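A.B. asks: Spelled out from the first residue to the last, the chains are:
There are 4 protein chains.
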Amino acid sequence: MALKLVVIGGGSSYTPEIIEGMIKRYDSFPVSEIVLVDIEAGKGKLEVIGNLALRMVEKSGKPIKLSWTLDREKALENADFVSTQIRVGGLDARAKDERIPLSHGFIGQETNGAGGIMKAFRTIPVLMELAEDVHRICPNAWIINFTNPAGIVTEALLKHSFHQKVIGVCNIPFNMRHSTAEILNVSPEDVRIEFVGMNHFVFGKKVYVQGIDRTNEVLEKLQGDKLNYSPANIVNLGWSKTFIESTGLLPNPYHQYYFQTRDVLKKDIQSFHEHGTRAEKVMELEKSLFEIYSNQQLQDKPKELEERGGAFYSDVACSLMDSIYNNREDVQTVNTTNNGAIPDLPDDAVIEVNSVITSHGPEPITEGALPASVKGIVYQMKAFEELVILAAITGDYNDAYKAFVMNPLMGDEKQSKIVLDELLTAHQSYLPQFHF
Amino acid sequence: MALKLVVIGGGSSYTPEIIEGMIKRYDSFPVSEIVLVDIEAGKGKLEVIGNLALRMVEKSGKPIKLSWTLDREKALENADFVSTQIRVGGLDARAKDERIPLSHGFIGQETNGAGGIMKAFRTIPVLMELAEDVHRICPNAWIINFTNPAGIVTEALLKHSFHQKVIGVCNIPFNMRHSTAEILNVSPEDVRIEFVGMNHFVFGKKVYVQGIDRTNEVLEKLQGDKLNYSPANIVNLGWSKTFIESTGLLPNPYHQYYFQTRDVLKKDIQSFHEHGTRAEKVMELEKSLFEIYSNQQLQDKPKELEERGGAFYSDVACSLMDSIYNNREDVQTVNTTNNGAIPDLPDDAVIEVNSVITSHGPEPITEGALPASVKGIVYQMKAFEELVILAAITGDYNDAYKAFVMNPLMGDEKQSKIVLDELLTAHQSYLPQFHF
Amino acid sequence: MALKLVVIGGGSSYTPEIIEGMIKRYDSFPVSEIVLVDIEAGKGKLEVIGNLALRMVEKSGKPIKLSWTLDREKALENADFVSTQIRVGGLDARAKDERIPLSHGFIGQETNGAGGIMKAFRTIPVLMELAEDVHRICPNAWIINFTNPAGIVTEALLKHSFHQKVIGVCNIPFNMRHSTAEILNVSPEDVRIEFVGMNHFVFGKKVYVQGIDRTNEVLEKLQGDKLNYSPANIVNLGWSKTFIESTGLLPNPYHQYYFQTRDVLKKDIQSFHEHGTRAEKVMELEKSLFEIYSNQQLQDKPKELEERGGAFYSDVACSLMDSIYNNREDVQTVNTTNNGAIPDLPDDAVIEVNSVITSHGPEPITEGALPASVKGIVYQMKAFEELVILAAITGDYNDAYKAFVMNPLMGDEKQSKIVLDELLTAHQSYLPQFHF
Amino acid sequence: MALKLVVIGGGSSYTPEIIEGMIKRYDSFPVSEIVLVDIEAGKGKLEVIGNLALRMVEKSGKPIKLSWTLDREKALENADFVSTQIRVGGLDARAKDERIPLSHGFIGQETNGAGGIMKAFRTIPVLMELAEDVHRICPNAWIINFTNPAGIVTEALLKHSFHQKVIGVCNIPFNMRHSTAEILNVSPEDVRIEFVGMNHFVFGKKVYVQGIDRTNEVLEKLQGDKLNYSPANIVNLGWSKTFIESTGLLPNPYHQYYFQTRDVLKKDIQSFHEHGTRAEKVMELEKSLFEIYSNQQLQDKPKELEERGGAFYSDVACSLMDSIYNNREDVQTVNTTNNGAIPDLPDDAVIEVNSVITSHGPEPITEGALPASVKGIVYQMKAFEELVILAAITGDYNDAYKAFVMNPLMGDEKQSKIVLDELLTAHQSYLPQFHF
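Chains as they are written, first to last, in the UniProt record's numbering: chain A, 1 to 436; chain B, 1 to 436; chain C, 1 to 436; chain D, 1 to 436.
Please note that a few of the clues may not be correct.
Stated by the list, open to error - Simulated pairs of lysine to any residue, SDA-like, Cα-Cα distance not exceeding 20 Å:
1) Lys287/A x Ala41/A
2) Lys414/C x Leu237/B
3) Lys414/B x Leu219/C
4) Lys414/C x Glu220/B
5) Lys62/C x Leu298/C
Since the hints were made in silico from the structure, they are not lab data. In this text the structure is predicted, and so the values were computed from the model without any measurement.
Take the sequences, apply the hints, and build the full model.
C.D. replies: Here it is, written out as structure tokens:
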């Protein structure tokens with residue numbers, strides 16, 4: 001039986017990871033065809049990645065048909081899974097998302113604060129179009145979205161596109177599970193974290209090892225220490241004993257932006273002056289990665305890829321596709337519709353939640369009421385996300401402004417306007433829904 | 001490592017099934033000790049069952065230490081699992097629960113209507129006491145309750161006792177899954193039904209076979225036919241095409257009491273006149289079962305047990321204990337706290353719900369909003385159950401009356417009082433919480 | 001300033017009451033024009049009523065321009081208030097709503113059970129059309145709906161028509177307030193009842209006299225007695241001490257159908273055999289009323305009108321219009337959108353609720369959670385009403401069936417179909433939305 | 001009939017306003033006795049105020065018995081109304097609430113941010129004690145609380161004390177109504193604002209003049225202008241056109257702390273360096289006020305009182321007491337239990353809401369779902385308030401920390417601890433519930 005995967009943004013430097021994942025899982029998930037799709041602007045990179053992927057498949061000896069194309073509609077025919085890993089505007093756009101807020105004294109980050117909002121504004125219309133294509137051309141296919149901000153983008157698709165087979169994935173829960181396993185010196189497979197919240201704002205509420213609650217042990221070890229817990233793209237300042245003890249929760253690295261704003265801002269501004277933005281660092285990294293990829297001798301995913309913040313994203317996605325295909329009914333952490341899992345949040349909100357993975361999709365496990373300590377901020381973040389999605393769809397200036405002013409990292413009614421205006425102008429060509 | 005099971009109501013005729021289950025699962029669930037506990041009045045039956053169980057264990061060759069006793073507190077020491085299968089007042093009380101409402105022209109049934117309310121009134125105080133003993137003597141033990149009305153009793157314990165490791169089980173979801181498998185001619189292991197509602201009022205919303213939605217096929221086959229779907233203790237009148245088609249749900253056999261009241265009542269009254277109540281039929285059945293059990297040659301659970309309505313109850317319980325012990329994270333249907341799985345119902349309501357079974361307990365899978373067609377009646381039944389629990393705890397006459405008058409099978413404000421008064425008098429000795 | 005009232009169903013025998021109300025309130029509510037509108041079939045009655053109304057206005061000496069017409073669109077021009085009191089299919093249709101269910105052993109009643117559902121099915125499409133006319137022709141006008149089932153009809157309009165200035169009124173809260181005043185021997189103006197529930201299913205939760213809580217006194221006096229509490233169209237069997245005491249609520253007369261079903265049914269069937277249906281009684285009453293109305297000497301609303309069940313309906317409506325016009329901010333009981341007043345019910349449900357009456361509409365006063373004793377049945381009734389509205393809009397047979405089978409007075413899955421089919425056939429010509 | 005008012009914190013400089021209010025309203029609210037109560041430390045001020053009050057009463061010629069005392073229990077005997085206007089720790093404590101956060105670069109304010117939290121910590125235990133006294137000595141008395149933070153304090157009492165007749169009042173809604181009337185050039189009596197939110201975080205959603213919606217007109221005039229809108233104790237920076245237009249809401253002056261944090265902080269730090277804190281300014285003001293009050297010729301509330309931020313507070317309280325006493329059923333804006341008025345917030349939250357004022361208390365009018373633009377921040381503020389109340393009751397350090405870190409004006413996990421620790425030490429003698 002044919003099993004076809006289409007990778008949107010196939011020219012991404014992360015693609016070798018997904019190819020490796022497909023090869024590794026071939027026995028249980030026998031993909032018969034992989035098509036890498038990209039746009040005109042990414043043609044050069046697509047060639048490099050396509051050729052590397054081909055060498056990887058050849059080396060594996062698996063009967064996988066691999067090709068690459070700029071013709072998305074053609075590629076989608078008969079697809080079973082469509083993964084998305086795009087970056088509208090490329091790293092240049094990211095650099096602006098980071099630089100402009102920073103220059104006004106606000107957090108400038110890829111998926112948080114003003115930068116994250118702008119990335120959502122650029123991305124949502126493009127993925128809406130993809131979702132409509134999928135719905136028309138291959139209506140039974142699952143979209144596995146790992147384009148950031150993954151949670152917001154997934155919610156936008158589930159609320160506004162006809163295609164409902166959409167799941168968002170992120171490597172943060174994966175990383176937290178692995179770090180926790182390291183802390184406890186156990187195997188990651190034996191660790192289950194009960195997550196609560198949304199993508200990039202998710203907390204760990206309980207840590208179980210083979211079903212036994214070991215949360216307190218993890219919390220104690222987390223205190224004060226600078227554990228190797230953050231992905232490559234985020235600072236790692238550690239957490240105070242008081243914060244961990246009083247909330248009783250495992251924060252994720254992105255929470256530093258919200259609860260250590262001053263220190264992160266100071267560090268980021270300093271680092272910006274010394275090295276430029278993260279985007280600029282990544283541009284260099286990308287350049288050297290593509291040099292490595294171009295080596296015709298290379299037949300494997302190179303080690304260097306792990307230095308990117310998104311490492312393991314595709315591993316998470318491959319596991320998910322495998323469980324859907326095989327109706328495994330195992331528990332994975334995905335971005336999907338709340339449906340009551342967190343009763344405090346709207347039923348149609350997308351949350352990052354442990355779910356039973358079946359052939360008909362993820363079934364979220366209930367989490368119960370949010371912990372009192374964070375219910376306010378979690379609710380506010382979700383309400384903010386709703387404003388972002390609304391503005392991304394309507395292209396209305398006032399809606400965009402509301403998203404800015406209600407974001408905890410912006411907030412200021414006058415500054416929000418200044419930063420928004422500068423960003424809208426900077427990204428104008430990628431924001432067709434906004435009227436200028 | 002020791003693994004101890006205590007069976008409360010060990011003298012029940014269902015016990016051989018649980019013994020068989022323990023033997024069958026020994027490799028994955030190596031129970032090292034089983035204690036059967038009963039009360040003075042059940043001493044004779046306990047002896048018979050104890051001896052049969054001993055012969056079964058001996059035949060199996062498994063190193064299980066089996067004993068029986070009237071000393072509950074002693075038995076509970078170091079218990080890991082405590083199963084409950086008691087009948088306060090015995091079959092005599094059941095006969096009254098059936099006879100008295102019927103004599104006034106109302107459904108008289110063991111777990112529904114006036115009879116079910118009275119069973120809850122008799123049972124809850126006794127199990128509350130057990131729960132307190134467990135909490136004191138073996139606080140880490142799980143209570144696996146299959147005493148009816150299982151959902152109401154479980155909710156009462158979870159709301160009012162300190163012991164929170166309580167799970168309710170019922171054979172109805174098991175039966176529905178098996179009947180559905182038969183209808184589709186597939187293996188029961190491959191069938192998953194998405195259930196919605198409460199114990200004895202649960203509907204099937206979706207039927208998946210290996211993850212594929214085959215609900216419509218089942219619904220079509222269900223229409224009009226009198227499928228072999230009801231347990232032995234309930235009539236089987238079949239369902240109209242219109243009901244199945246318009247609700248799009250699989251009813252359970254108990255729903256006949258609510259949606260075919262007139263016909264069931266007519267049948268039950270006729271049957272009552274011809275054969276007496278179901279309780280009286282069961283008394284005979286029990287008598288002959290115990291004769292069989294007394295046969296010193298018998299070393300197995302006899303076939304005849306399957307004629308009882310509760311067959312497979314213990315099989316369900318054994319599976320559950322196995323998954324808890326092994327942290328299997330498989331999906332089973334249990335009675336546990338809602339926690340948002342059905343957002344329309346209170347978070348602390350007990351519902352019958354597909355749950356991931358772990359060593360730290362069941363984690364319910366979200367179901368989303370109730371189907372519009374049944375949300376009213378499901379909500380009403382839950383509100384009614386709350387009134388039953390309140391009255392069982394307070395022993396307040398007015399609370400008891402409210403439970404009666406708000407039960408859809410009673411409803412009449414004057415008749416409710418008459419039937420309630422007669423039942424309270426009849427069961428007086430088993431209702432210490434009520435003041436007479 | 002012109003102030004224009006249009007009375008839809010102007011040929012109704014209740015119209016003299018509304019004319020009297022307008023005259024009585026002229027000083028504070030100076031209506032300058034009243035147009036009575038009816039359909040071709042009601043032309044004769046419209047003439048009679050129109051002439052009587054003219055004589056009433058003339059006698060009053062108020063400068064009110066009164067006219068009557070069959071041209072609804074013309075009449076609506078510049079209207080400020082549009083009151084509706086129509087009966088689609090007339091009393092003949094009502095007779096069928098009463099006869100057919102009764103003949104199958106179910107409650108046959110104008111606004112409850114199967115009959116009430118059919119009345120909703122006939123009425124909603126007609127009033128939807130009116131609402132669209134109003135929205136187009138006189139968008140600032142308030143529709144004051146006293147067409148039954150008033151709550152269901154109002155919810156249908158508020159949910160499905162563009163016109164949102166719609167308020168439903170009923171005389172039951174008015175009657176309960178007056179009866180209560182009589183019980184306590186105080187003036188009705190000093191009595192405020194805190195109502196909870198929906199039209200024709202509303203309970204009194206608290207009775208205040210000049211702000212002092214006198215609920216218990218009223219409940220005590222209500223017990224057992226057959227107070228003069230029911231309108232002319234409903235039986236009056238009284239309530240048991242136990243029911244009143246345990247719920248702590250004032251039932252309304254319609255609750256007898258639900259909590260005294262057996263006795264009401266027995267009475268209704270007996271009365272049906274002796275006198276025919278209520279509709280038939282009303283036909284006679286109407287005939288004699290119109291004879292009285294035709295008397296050219298008559299210049300007042302005759303006493304005989306009070307024998308109809310709907311007496312005081314128009315008084316309630318007149319008070320409401322007066323408070324809207326004058327922005328009185330007084331408290332009246334109306335049918336309007338819940339908006340959280342009862343948190344257990346959907347925000348967009350229409351409930352019968354004490355509201356502050358302003359020029360921009362009624363503002364409901366919060367009631368808090370439903371009393372535990374009735375929350376189940378109230379919720380179920382609301383869920384049932386939603387099914388009725390859905391079916392009235394879609395004309396889908398299965399939706400209609402669901403409304404029948406989920407109505408507590410029907411319930412039976414097989415009988416529901418039989419009664420529904422017979423009623424659909426009987427009313428076919430008034431149910432254009434249903435396909436036959 | 002006797003009508004007795006007890007003023008807790010009677011030595012407050014605001015007391016002359018309440019005395020004036022009582023005299024002014026004597027005809028409809030014939031208070032027969034007023035007792036001013038204060039503590040030992042306030043004895044001197046109580047004397048001055050008591051004597052001034054006496055002179056005011058004498059001048060009025062009303063038969064009001066006025067006295068002052070340090071014996072609270074005695075004073076409470078037979079009280080009908082108990083108003084509270086206390087400041088635990090006096091202006092010295094306030095100065096610390098303002099200075100300490102400011103010195104760490106955070107907003108230092110009497111009722112917002114870290115300062116407001118500390119004020120709640122000092123005040124709640126004292127008022128809990130008062131509430132228990134009232135409940136024991138004069139259980140039918142209403143507590144009219146205008147002690148800040150008025151909303152939080154009222155919620156604490158309603159959740160944790162037995163006495164449930166507690167209403168909170170604030171002058172902000174009053175001020176907004178008057179400013180709006182000025183903007184529209186109409187009489188304040190004709191203006192009704194639909195408020196949404198909590199005390200000091202309340203927005204105006206709709207402005208009606210004699211029932212006509214004139215919201216947009218007010219919003220337009222509000223934009224950009226620095227309207228005379230803030231009370232004396234708050235900066236007045238004005239609002240941007242974009243903020244007003246996009247939210248469509250009337251902010252209150254305190255919102256500047258949240259949406260103009262940078263600018264307010266800059267201004268406050270500058271002002272702090274130039275003039276010291278607001279507390280210090282008020283100390284001077286108080287001093288000169290008391291000099292004026294001591295003038296034995298003075299028989300009226302002096303004009304100078306209006307320079308305090310809390311002006312009109314007591315006017316609001318007097319109106320409220322009048323409506324309760326007379327069961328007026330008029331609409332006033334008070335702090336009372338939500339009860340569903342804002343369905344997004346917990347039913348037992350205290351909100352600032354338009355309510356019908358009756359003799360049995362305020363009945364909130366429903367507001368419906370929060371506007372999308374502010375629902376996140378309003379919810380978060382309420383969740384934060386819950387943390388404050390919890391900590392004020394438990395005296396638990398971690399609870400206190402959670403309130404700090406979840407306050408939008410603090411937020412930083414490390415700085416929160418530093419500021420909290422410094423404040424706890426500074427206020428140690430007024431925080432008996434905390435363990436040091």
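A.B. asks: Mind checking the alpha carbons of lysine 287/A and alanine 41/A for me, to see if they're no more than 20 Å apart?
C.D. replies: Satisfied, since the Cα-Cα distance of roughly 16 Å is no more than 20 Å.
A.B. asks: If you draw a straight line from the CA of lysine 414/B to the CA of leucine 219/C, is it 20 Å or shorter?
C.D. replies: 17 Å, holds
A.B. asks: Holds or violated: are the alpha carbons of lysine 414/C and glutamate 220/B at most 20 Å from each other?
C.D. replies: Given that 20 Å is the threshold and the Cα spacing comes to 17 Å, the pair holds.
A.B. asks: Is the hinted pair lysine 414/C and leucine 237/B satisfied, with a Cα-Cα distance of at most 20 Å?
C.D. replies: This hinted pair holds, its Cα atoms lying about 11 Å apart.
A.B. asks: Going straight from one Cα to the other, do lysine 62/C and leucine 298/C come out at no more than 20 Å?
C.D. replies: OK: lysine 62/C and leucine 298/C at ~17 Å, within 20 Å.
When the structure is compared with the earlier hints, no violation turns up for any of them.
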